[in-house]
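Trainee: The listed protein sequences correspond, in order, to chains A and D. Going left to right, the first sequence walks through residues 1 to 188 as our numbering numbers them. Going left to right, the second sequence walks through residues 1 to 134 as our numbering numbers them.
Hints are supplied without guarantee of correctness; some may be wrong.
[Unchecked claim] Simulated restraints on C-beta separations:
(1) D17(A) x F8(D): 41 to 47 Å
(2) D177(A) x M22(D): 30 to 36 Å
(3) M1(A) x M22(D): 38 to 44 Å
(4) E29(D) x E175(A): 44 to 50 Å
(5) G156(A) x Q21(D): 35 to 41 Å
Just so you know, these hints were derived from the structure itself, not from any lab. A quick note: this is a predicted structure, and the numbers were derived from the prediction, not measured. Glycine included, each C-beta is placed from N, C-alpha and C at the ideal position.
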Amino acid sequence: MEPDGVLIGRSVHGRPDAFVDMTRRHEVAIHGYLARRAGRQAADDLLAEVWLRAYAGRFGYDTERADARPWLYGIARNVLREHWRNGSSDEPAVLQEERVDPWDGVDARLDSAERAKAVISAVRGLPAAEREVLLLVAWEQLTPAETARVLGVAQGTVRSRLHRARVTLRRVLSERDAIDGAGVSNER
Amino acid sequence: MSDESAEFETGELLSAIGKVQMPEPRVLEDAREVLWSAIASDMLGIGPAGEQVTVTGGSAGGDEDHRRTVRRRQTERSRDDRRMSMGGGDPGQLGVKYPVLAGSGIPWPPLSFRDTGGLCCHAFGFLSARCIGP
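For reference, chain A alone in the conformation it holds in the complex (with noise of 0.2 Å):
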């Protein structure tokens, strides 16, 4: 498979169905990267206003990059600032609404579903450019590395957000984990 950076190359040399091709390997990424924040329905609405930034973008690409996704998801984040800047809240989507049962599994979703409670609202509580980190990196699945791109910030800022969130999210686990233990402990 070609690389996106060669694709986006090539549309910028009179051939605009390779850039087509290069969106259609990340349509489905970019629509959840929006979905999980700004809803489905609204991500629905924005993807083809990503499509058409990236394209109007492309001259400016790297093509030496072979990955698109970060620069993709760049994108992606500004479209959501301006929808954001419209009055909806920039909290993540996924995080509002009351998910009850993300999991499959009957028995992990009875023991899973208060811990989620809890790091849902342990997420909430990150500021926000530690929660934008942690969940580049837990949700898209990006290095810190493609994470920095994404934001424009050097690797070691995206590595030390990262580092505060995750020992944020430990300690209030840990700190659950302690209460519901007394609680145990009190009821014996």
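Assemble chain D onto chain A, guided by the hints.
Mentor: What follows is chain D alone, placed relative to chain A:
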């Protein structure tokens, strides 16, 4: 619980929380068609209203029109869905008016640009209307 297992569990929980449904194929196709429409106007060097514009690599003067196209198609899609669910009407039936490129009779924005063949047909139609025709 060790740090590693807590980290793993947190990652698993986050992944589960972040699960979303796959988009409908139609949504992806619509977005692609809007992109093809932008590509077409870029290649032809025209704006959707038929005016000549500078080719600047995608931002060829028609972005706002493409956005309007997105919104219009979404409205049409939900209207068509309602119509079909009520048991009536093919949106492609006779009598349904589509916008046309000024003075040429060519549908604009293009209704289907899924392949370069379609693109060529529209380009040829446009050039015929502008250069070969009366």
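Trainee: All the hints need checking, so say for each whether the structure fits it.
Mentor: Okay, the hints, checked on the actual structure:
1. Checked against the hint of 41 to 47 Å, the C-beta distance between D17(A) and F8(D) comes to roughly 43 Å, which is consistent with it.
2. Between D177(A) and M22(D) the beta carbon distance is about 35 Å. The supplied range of 30 to 36 Å therefore holds.
3. For the pair M1(A) and M22(D), the supplied restraint of 38 to 44 Å is violated, since their beta-carbon distance comes to about 21 Å.
4. Between E29(D) and E175(A), the C-beta spacing of about 48 Å keeps the proposed range 44 to 50 Å intact.
5. Taking the beta carbon of each, G156(A) and Q21(D) are about 36 Å apart, inside 35 to 41 Å as hinted.
The structure does not agree with numbered hint 3 stated previously, though it agrees with all others.
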